[in-house]
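Chains as they are written, first to last, in UniProt numbering: chain A, 1 to 421; chain B, 1 to 522.
Each hint should be verified, as a subset may be incorrect.
[To be verified] Beta-carbon label-pair distances, calculated as ranges: (1) A:Lys379 - B:Leu510: 24 to 32 angstroms; (2) B:Lys426 - A:Ala360: 37 to 45 angstroms; (3) B:Leu499 - A:Ile17: 54 to 62 angstroms; (4) B:Asp508 - A:Tyr318: 53 to 61 angstroms; (5) A:Ile32 - B:Leu499: 53 to 61 angstroms.
[As the list claims (entries may be wrong)] Residues from chain A that keep clear of chain B, each with C-beta distances beyond 10 angstroms, as calculated: (6) Asp21; (7) Gly123; (8) Asn251; (9) Lys379; (10) Gly415.
[Said to hold, decoys possible] What the simulated footprint calls covered on chain A by chain B, stretch by stretch (three residues with Cβ under 8 angstroms from a Cβ of chain B suffice, anywhere in the stretch; the number is not a length): (11) 30-36; (12) 270-278; (13) 384-397.
These are computed hints drawn from the structure, not numbers from a lab.
Just so it is clear, CB atoms sit at the ideal spot from N, CA and C, and this is done for glycine as well.
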Amino acid sequence: MKSSYKRLGDFIKEINIKNSDLKIKNLVGVSIEKTLIKSVANTIGTDMSTYKIIKKNQLACKLMSVGRDEKLPVDLYTDENPSIISAAYYVFEPVSSDILLPEYLKMWLFRKETDRYVGYVSGGDVRGGISWETFSEMPIKVPTIEKQQEIIKEYNIIQNRITLNNQLIAKLEETAQTIYKQWFVDFEFPISDTEALEVIEKQKGYKSSGGKMVWCEELDKEVPGGWNVGTLSELSQMIDGDRGSNYPNSNDFFENEYCLFLNASNVTKSGFNFSKCQFINKEKDELLRKGKLQINDIVLTSRGTVGNLAFFSDKIRYKNIRINSGMLIIRPKIEASYLFSMLNSFEFGKAIENYISGSAVPQLPIKDLSVIKILIPNKLVMNNFSKIGLSLFREIDIIKNQNQKLEELKELLLGRMVREN
Amino acid sequence: MAKQAKAKKEKSIEETLWDSANKLRGTVESSEYKHVVLGLIFLKFASDKFEDRRKELIADGKEKFLEMKEFYNMSNIFYLPEEARWSFVIENSKQADIALKIDTALHTIEKNNPSLKGALPDNYFSRLNMDVSKLAALLDTINNIDTTKDKEQDIVGRVYEYFLSKFAIAEGKGKGEFYTPKSIVNLIAEMIEPYRGIIYDPACGSGGMFVQSIKFIENHHGNKKEISIYGQEYTATTYKLAKMNLAIRGISANLGDVPADTFGKDQHPDLKADFIMANPPFNQKDWRAADELTDDPRWRGYDIPPTSNANYGWILNMVSKLSENGVAGFILANGALSGGGTEYEIRKKLIENDLVEAIVILPQNMFYTTGISVTLWIINKNKKERIVQLPDEIRNYRKREDEILFMDLRQKGIPFEKKYTQFSEKEIVAIAKNYHTWQTDLKSYQNIPEFCYGATKSEVAAKDYSLVPSKYIEFVNRDENIDYEHKMLALQKEINQLLQEEAQSKEDLLNVFKELGYEIKL
Chain A
1 MKSSYKRLGD FIKEINIKNS DLKIKNLVGV SIEKTLIKSV ANTIGTDMST
51 YKIIKKNQLA CKLMSVGRDE KLPVDLYTDE NPSIISAAYY VFEPVSSDIL
101 LPEYLKMWLF RKETDRYVGY VSGGDVRGGI SWETFSEMPI KVPTIEKQQE
151 IIKEYNIIQN RITLNNQLIA KLEETAQTIY KQWFVDFEFP ISDTEALEVI
201 EKQKGYKSSG GKMVWCEELD KEVPGGWNVG TLSELSQMID GDRGSNYPNS
251 NDFFENEYCL FLNASNVTKS GFNFSKCQFI NKEKDELLRK GKLQINDIVL
301 TSRGTVGNLA FFSDKIRYKN IRINSGMLII RPKIEASYLF SMLNSFEFGK
351 AIENYISGSA VPQLPIKDLS VIKILIPNKL VMNNFSKIGL SLFREIDIIK
401 NQNQKLEELK ELLLGRMVRE N
Chain B
1 MAKQAKAKKE KSIEETLWDS ANKLRGTVES SEYKHVVLGL IFLKFASDKF
51 EDRRKELIAD GKEKFLEMKE FYNMSNIFYL PEEARWSFVI ENSKQADIAL
101 KIDTALHTIE KNNPSLKGAL PDNYFSRLNM DVSKLAALLD TINNIDTTKD
151 KEQDIVGRVY EYFLSKFAIA EGKGKGEFYT PKSIVNLIAE MIEPYRGIIY
201 DPACGSGGMF VQSIKFIENH HGNKKEISIY GQEYTATTYK LAKMNLAIRG
251 ISANLGDVPA DTFGKDQHPD LKADFIMANP PFNQKDWRAA DELTDDPRWR
301 GYDIPPTSNA NYGWILNMVS KLSENGVAGF ILANGALSGG GTEYEIRKKL
351 IENDLVEAIV ILPQNMFYTT GISVTLWIIN KNKKERIVQL PDEIRNYRKR
401 EDEILFMDLR QKGIPFEKKY TQFSEKEIVA IAKNYHTWQT DLKSYQNIPE
451 FCYGATKSEV AAKDYSLVPS KYIEFVNRDE NIDYEHKMLA LQKEINQLLQ
501 EEAQSKEDLL NVFKELGYEI KL
């Protein structure tokens with residue numbers, strides 16, 4: 001490596017203050033995703049006086065298994081109140097924050113290349129760990145304090161935007177669910193002009209305004225007059241993936257190719273997540289039969305982690321997507337955003353809990369799902385909801401796309417640190 | 001029955017056999033049952049070869065020699081008296097005393113064939129007290145293997161190898177030490193090229209290193225007769241496995257008179273081997289008592305290896321047994337590359353004596369017994385310029401005194417059996433070629449970052465005799481090579497488009513809220 005690098009060890013010092021008086025109770029640890037988290041380790045019967053104290057502007061890292069994981073668990077502690085951390089961690093800080101800012105140090109250690117570097121130098125150890133001495137040998141570039149501040153500022157602007165976007169996504173999802181509940185659980189949907197003639201007060205929702213309710217045998221509750229009920233198999237086509245002999249094995253996957261092949265981590269509690277993707281090529285895609293997504297399809301995880309849902313809107317940036325063997329495609333025959341919100345609702349979540357089978361691995365069989373009964377609103381209400389739902393879901397997807405790009409930008413910014421002098 | 005027949009079509013004979021062998025589980029201790037299965041397979045194969053030879057003799061009109069051992073032994077085939085033949089065992093397979101009959105058969109084979117002395121299970125089957133019907137079912141399955149169908153394919157060896165590896169995987173952590181994964185053995189053979197002379201393995205397990213050496217010679221058109229094999233194994237049952245494994249392939253070997261500890265009871269004290277291939281146990285503790293083996297000739301000229309770890313004991317055992325031009329390739333845990341104390345002193349001396357030729361670090365998860373990454377060491381007694389005629393190639397070794405090649409293979413390998421990694425054949429060829437190029441032609445050889453580096457002794461001395469490859473092979477910080485400008489322009493375009501889309505979608509969203517009667521004012 002080029003000579004303008006300096007030795008990390010010359011800029012940091014290890015801090016080793018034990019919690020001897022047991023004064024500090026809050027226990028933290030660092031995840032493999034480089035985030036300080038409250039520890040969930042079982043500490044019953046553990047001697048907490050051997051734990052180390054970590055204070056604001058200090059960093060903690062664990063060097064034990066960097067070879068095996070090719071990741072350095074490290075983060076900067078920013079809380080005003082100190083915490084304790086297991087002795088398996090090294091706690092350290094810059095020798096002088098006039099020369100190296102703790103935040104800048106954190107950013108240096110957050111680089112992907114740092115992960116690769118610690119993995120690379122771990123070869124001499126049986127368990128793939130590295131020593132503090134080896135860690136101290138890591139090369140680092142330390143520009144002027146002004147330059148450091150500038151880089152930190154850019155980084156934080158991007159990071160803050162990502163955080164803001166994530167909050168926005170959560171709020172938009174909440175909005176969709178709130179409206180769904182108001183309209184289709186409490187039946188307080190806005191009344192159309194024609195119906196308004198029959199009710200007294202248009203300002204309130206349907207039910208409160210005295211809208212007509214009828215008893216529904218199938219659902220065992222009152223529903224608005226003129227609405228229907230259908231089973232999930234009547235209101236959608238339920239599609240299993242192709243699990244035949246062409247199902248891809250580990251040799252068929254690529255980092256970037258023609259068709260995204262979903263895995264469990266891509267379908268989360270809050271919809272699609274594309275931070276780690278695997279792809280198959282066009283040839284393989286063409287060999288596989290059913291299991292490919294169309295716009296407005298809903299993906300439901302049906303094996304292992306059961307009940308996670310994702311909606312394939314036209315704003316998703318991958319156009320070719322296939323499900324794996326632990327998922328189902330639900331292809332709506334009614335308004336997709338209504339069906340998706342319905343499946344995403346608390347009530348439906350409770351309903352499928354009853355159907356989960358499989359002794360070791362929880363499973364949702366199609367035959368159980370297909371008989372689930374669903375309320376079908378009249379066309380007007382459903383269309384009105386669809387307009388709102390789609391616009392919320394598309395906004396969410398756009399923001400998710402934006403976050404992905406911002407993550408890339410962040411990576412690039414971290415990578416650019418090697419150019420400073 | 002119909003179902004079974006269908007399944008057979010899809011499975012290879014190895015798999016079918018494995019499945020039916022698995023039925024024995026539960027009735028027999030799992031570590032024992034490999035001896036049951038492999039013992040029977042041995043009997044079947046030996047018998048098939050015998051019958052073949054018998055037919056041959058009849059065809060040649062030599063009926064009167066049918067019962068003469070010599071006429072079998074001369075073609076490397078075991079002579080089997082009536083009661084030792086597979087046909088006899090099968091005829092009696094439903095009898096209550098079948099276990100006894102198998103034991104008698106094995107005993108008779110051993111008695112009649114001196115080269116099998118100590119190789120076969122001894123009164124094993126009657127002692128196990130197996131369920132007769134399960135044993136009969138296993139015999140039936142083994143009976144279905146047609147070992148003579150395809151001579152080119154070495155079915156015998158394939159089934160044996162498949163079973164050894166399957167048993168190693170099944171026994172997993174802490175056990176399965178009798179087996180070294182095939183692709184590692186292949187790599188060692190392709191690198192050190194054991195084509196002629198004496199081959200030795202001081203911890204030979206089930207004999208996989210030898211089998212691979214023979215395959216290497218066959219693949220490269222050499223003559224099997226030009227090598228002789230010496231080994232040693234401590235565990236008695238594994239020692240038998242090795243003897244059967246070699247006998248079944250017609251490889252003759254000297255594994256010592258008895259199974260014994262290589263350190264405490266060296267079976268080949270005066271041996272000088274031309275090639276050593278070994279995978280001794282990793283980081284063996286308490287391999288000798290503090291007052292034991294303190295004056296062993298194998299340590300002469302070096303410090304006595306520490307009692308806490310046998311790694312350097314193995315190294316010195318091998319070094320002491322190398323001939324003038326001898327080469328050793330062996331696997332050790334990574335800790336040996338940089339161990340301190342006595343290990344440091346021994347390593348320093350080995351380097352000063354110019355014995356270390358190459359250090360190759362292997363990927364994680366190659367072994368069934370442990371997930372750790374390990375190192376292949378290559379020790380070469382003669383790093384001077386010399387010409388060696390291989391069966392189908394000539395190697396013009398250059399003078400490489402005071403030089404060591406470091407290689408890092410941690411990013412190589414392909415997935416195998418889900419949890420494990422192995423080298424592909426292509427990779428093995430490429431890795432071996434890189435090593436041979438460095439040995440022969442420095443002009444064509446290149447140091448490649450994160451893969452290989454040819455170091456000098458003084459460089460190694462400057463790193464205080466550490467042999468950790470990453471201290472020498474260059475690490476490339478990929479961030480330095482990012483096309484920043486290019487990526488930035490792409491991101492500029494993409495984010496621009498996203499923000500525009502978002503503006504439109506934001507407008508829609510505001511409309512929705514407005515229509516719902518909850519207007520948002522920004």
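Evaluated hints:
In this structure, Lys379 (chain A) and Leu510 (chain B) meet the distance hint of 24 to 32 angstroms, their C-beta atoms being roughly 26 angstroms apart. Between Lys426 (chain B) and Ala360 (chain A) the CB atoms are about 38 angstroms apart, so this pair conforms to the stated range of 37 to 45 angstroms. For Leu499 (chain B) paired with Ile17 (chain A), a C-beta distance near 47 angstroms fails the hint of 54 to 62 angstroms. Look at Asp508 (chain B) against Tyr318 (chain A): about 23 angstroms separates their beta carbons, and that is not inside 53 to 61 angstroms.
Against the hinted window of 53 to 61 angstroms, the Cβ-Cβ separation of Ile32 (chain A) and Leu499 (chain B) comes to about 33 angstroms, which falls outside the hint. With a closest Cβ-Cβ approach of about 36 angstroms to chain B, Asp21 (chain A) is found to remain outside the 10 angstroms limit, as its non-interface label requires. Interface exclusion of Gly123 (chain A) from chain B breaks down, the closest Cβ pair being 5 angstroms apart, not more than 10 angstroms. Its closest Cβ contact with chain B, about 8 angstroms, brings Asn251 (chain A) to no more than 10 angstroms, contrary to its assignment away from the interface.
No Cβ of chain B approaches the Cβ of Lys379 (chain A) within 10 angstroms, the least distance being about 18 angstroms, so the stated non-interface status holds. With a minimum CB-CB distance of about 4 angstroms to chain B, Gly415 (chain A) fails to clear the 10 angstroms threshold, and the non-interface call is violated. Judged by the Cβ-Cβ criterion of 8 angstroms, the segment 30-36 of chain A is not covered by chain B as claimed, because only 0 of its residues qualify and three are needed. Chain B is given as covering the segment 270-278 of chain A, and this is violated because 0 residues of the stretch bring a CB closer than 8 angstroms to a CB of that chain, at least three being needed.
Counting residues of the segment 384-397 of chain A whose C-beta lies closer than 8 angstroms to any C-beta of chain B gives 6; at least three are required, and the coverage claim holds.
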